Amino acid sequence: MFTQYIFHFLSIMALFSAVMVLASKKPIHSVLFLTLAFFAIAGHYVLLNAQFLAVVHVIVYAGAIMVLFLFTVMLLNLNKDERSPKPMWVNFIAFVAGGMLMLTLIGIFRGYDIKAAHDPMISQIGLVKNLGKILYHDYLIPFELSSVLFLTAMVGAVLLGKKEQI
Amino acid sequence: MKNLTNRSKIVSNKQMNFWERIYIPAILNGMRITFGHLFRKKTTVQYPEVTREFSDVYRGKHVLKRDDEGRERCTACGLCAVACPAEAITMVAAERQPGEENLYREEKYAVVYEINMLRCIFCGDCEEACPKEAIFLTKEIVKSEYDRDKFIYGKDVLVEPADPAKRIDISKRQTPEVIEFKKNKKYKHNK
Amino acid sequence: MIVQIIYKALLSSIILLLSLVVAMYSTLVERKVAGWFQDRHGPNRAGPWGLLQPLADGAKLFFKEEFMPNSADKFLYILGPSLTMFIALLTSAAIPWGPDLVVNGTVYPLQVADVNIGVLYIFAILSIGVYGIMIGGWASNNKYALLGAVRASSQMISYELAMSLSIITIVMMTGSLSMREIVAQQQGFNWNIIYQPLGFLIFLICAFAETNRAPFDLPECETELVGGYHTEYSSMKLGFYLFSEYINMFISGAVMATLFLGGYHFPGIDKLGLSPNVFAFVSFMVLFTKITFFGFLFMWIRWTLPRFRYDQLMKLGWKSLIPLAILNVVITGVVILLNQK
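Protein sequences appear in the order of chains U, L and D.
Position 96, counted from 1, in the first sequence is what the numbering used here calls 842; the numbers after and before it change by one each time, with no gaps.
Position 145, counted from 1, in the second sequence is what the numbering used here calls 152; the numbers after and before it change by one each time, with no gaps.
Position 262, counted from 1, in the third sequence is what the numbering used here calls 267; the numbers after and before it change by one each time, with no gaps.
Treat each hint with caution, since some may be false.
Stated by the list, open to error - Covered stretches of chain L (in silico footprint by chain D; criterion: 3 or more residues with CB under 8 Å from a CB of chain D, positions within the stretch not fixed):
#1 24 to 38
#2 44 to 52
What the hints assert, rightly or not - Here are the simulated lysine-lysine pairs, PhoX-like style, with alpha carbons at most 20 Å apart:
#3 L:Lys189 with L:Lys179
#4 D:Lys324 with U:Lys909
#5 L:Lys72 with L:Lys139
#6 D:Lys79 with D:Lys148
#7 D:Lys324 with U:Lys908
#8 L:Lys72 with L:Lys115
#9 U:Lys909 with D:Lys320
#10 U:Lys772 with D:Lys148
#11 L:Lys179 with L:Lys190
#12 D:Lys346 with U:Lys771
#13 L:Lys146 with L:Lys179
#14 L:Lys49 with D:Lys324
#15 L:Lys68 with L:Lys179
#16 U:Lys772 with D:Lys79
#17 L:Lys146 with L:Lys162
#18 L:Lys72 with L:Lys173
#19 D:Lys320 with U:Lys908
#20 L:Lys173 with L:Lys162
#21 L:Lys146 with L:Lys173
#22 L:Lys48 with D:Lys37
#23 L:Lys162 with L:Lys150
Stated by the list, open to error - Distance windows between CB atoms, simulated:
#24 D:Asp105 with U:Ile752: 27 to 37 Å
#25 D:Phe80 with U:Pro888: 56 to 66 Å
#26 D:Asn75 with L:Ile17: 48 to 58 Å
#27 D:Ala64 with L:Ser15: 43 to 53 Å
#28 U:Pro888 with L:Ile40: 50 to 60 Å
#29 D:Met241 with L:Ala169: 49 to 59 Å
#30 D:Ile199 with L:Asn20: 36 to 46 Å
The set of hints was computed from the structure by calculation and includes no laboratory data.
Here the structure is a predicted model, which is why all the values come from computation and not from measurement.
The beta-carbon is built from N, C-alpha and C at its ideal position, and this holds for glycine as well.
Only chain U is shown next, with the shape it has when bound in the complex (with noise of 0.2 Å):
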């Protein structure tokens, strides 16, 4: 019961946000807005008893990756709008894909079965010990693959950084 009203808190807070990113004239309050979108989300991570994800969630992204996001914008200090209006055509495109992901995902959300899914509270699994087993057990070698895929951006993103040419 209570449970729910942080529920209705939050997704407003994330709708809302999620909103005002594209609305906020200026680029700081986009990246603001989103880093509060994404804390909103790690609340629902939260409510459905995946603290370890809550809080990688907001380590990674409102720690890190939204702080670089505010660093370059700030550096590059974008208060302007300094985008050309774009032609008619790109916006009819683009309103077009984006109103056909929306049908989709509505598509998607309406064939599943709430009901079906386990009581959030029940489920052990987002806690970090049984994290730990399922993406050491069942999933090794994705888990692995996807550690490798890092490591091969991290490569990357060294030699693109160095000076001089390899």
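Since the structure of chain U is already known, use the hints to place chains L and D on it.
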């Protein structure tokens, strides 16, 4: 070039070895030194309660002396104003009227005598220039004020009280050597 | 249930109050210690030994003019210091302040939230701690403030990595992310600093960088940036920024004491046979002493070392601390593996 002192150090840009490059020992050494300072004697003087001892010839606030009979010694000759490198001294002279002989020693006296303490550099040249032994610097320090105007000291502040008990003692400044030096005008800076 | 909620509310307000009072008096201690290191007395006019100085400072800050630059982003300008303060106060929730209190057979843990991912929680708070500084610095619309904010953010991101890598070794040894569990395993003199001296050193250096304390106080570097990110701030908004620095110091001292110096454990006191509540109090005092030591260490370092240059800071973070931390993780892993066999 020959060193004038033996305190100079030869600077070398040699490569640091591993022990020096990890910096931790150097940092610990620095911390040891700063920690030692915790227990040193504090150099602070707790001013209003404790005052530092001033030298007898400290050059502080001026005083305009009176003679033994309580008459002002100053004759408004203006030599102090001329000698003043900061041009802090101004005065207005006037003739002594009959009946004022017990107030002023000479026939001419200063009606207005002002020293701007913001300009004064406390060099003591006025003291040296004075032919009548009228102006001296004292051990008293000039107090801070909230208003610039209040730093212009007039005769009300400068002239010493007539009461013999409240006279300001300047005998330490007038040792025989000083008097001899003042009389001897052959030194260039003393003309 | 209701009792538990009231207890938690009470405990968190006590901890909040404690952090505020400690931070308040840290400002006095900082100035006192700075004075002693420089052969001075430090403030000693307001009250005996200057004990009322923090109140005088606070009153002064309250009566100062509230200044806001015309070109500032009004909302973010106010949000900056409030956020900094808020985030600084958040961390204390996950720290175990002492063993359980027992009243009428009911156990009251001296910890606001024993989350099973306490270490990560603290780490998450640390990583979002930079927002207040960045928002405030940017909203001032001042070049110095912006430079301070940019410096703060890149410094925090750089040192977070080494910091988390040094915590990972602790987590590997303990096998738990819960702060309570980490403390419990350091009973007696089984402190983590003995097994992880390198990890402790890395964590300590990173803590200095994360709290923006000298020698890593580049975001507010007076000699180059006037006041850094808080150049345009005045009155209590400035007070919030300065105050949160001391709260951060207190909390990071508490985190370090908990993770590396055995938290509220001290060899011998559990054998004294004290009653549970007295024992809890003594243990809390032990923890508090350790935190005080760290607070003194922060000040000691500040008045010993000169400030780093920015490239030196980056070099230290990326080229020394992170490789060392990774090496530490590898060594710890190998040792744990060998011990298991």
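Now for the hints, and whether the structure bears them out:
| no. | hint | verdict |
| --- | --- | --- |
| 1 | 24 to 38 | holds (count 4) |
| 2 | 44 to 52 | holds (count 7) |
| 3 | L:Lys189 with L:Lys179 | holds (15 Å) |
| 4 | D:Lys324 with U:Lys909 | holds (16 Å) |
| 5 | L:Lys72 with L:Lys139 | holds (10 Å) |
| 6 | D:Lys79 with D:Lys148 | holds (17 Å) |
| 7 | D:Lys324 with U:Lys908 | holds (14 Å) |
| 8 | L:Lys72 with L:Lys115 | holds (16 Å) |
| 9 | U:Lys909 with D:Lys320 | holds (16 Å) |
| 10 | U:Lys772 with D:Lys148 | holds (18 Å) |
| 11 | L:Lys179 with L:Lys190 | holds (17 Å) |
| 12 | D:Lys346 with U:Lys771 | violated (61 Å) |
| 13 | L:Lys146 with L:Lys179 | holds (11 Å) |
| 14 | L:Lys49 with D:Lys324 | violated (42 Å) |
| 15 | L:Lys68 with L:Lys179 | holds (16 Å) |
| 16 | U:Lys772 with D:Lys79 | holds (13 Å) |
| 17 | L:Lys146 with L:Lys162 | holds (18 Å) |
| 18 | L:Lys72 with L:Lys173 | holds (12 Å) |
| 19 | D:Lys320 with U:Lys908 | holds (15 Å) |
| 20 | L:Lys173 with L:Lys162 | holds (16 Å) |
| 21 | L:Lys146 with L:Lys173 | holds (15 Å) |
| 22 | L:Lys48 with D:Lys37 | holds (15 Å) |
| 23 | L:Lys162 with L:Lys150 | holds (17 Å) |
| 24 | D:Asp105 with U:Ile752: 27 to 37 Å | holds (29 Å) |
| 25 | D:Phe80 with U:Pro888: 56 to 66 Å | violated (44 Å) |
| 26 | D:Asn75 with L:Ile17: 48 to 58 Å | holds (56 Å) |
| 27 | D:Ala64 with L:Ser15: 43 to 53 Å | holds (51 Å) |
| 28 | U:Pro888 with L:Ile40: 50 to 60 Å | holds (56 Å) |
| 29 | D:Met241 with L:Ala169: 49 to 59 Å | holds (56 Å) |
| 30 | D:Ile199 with L:Asn20: 36 to 46 Å | holds (40 Å) |
Comparing the model with each numbered hint stated earlier shows that hints 12, 14, 25 do not hold.
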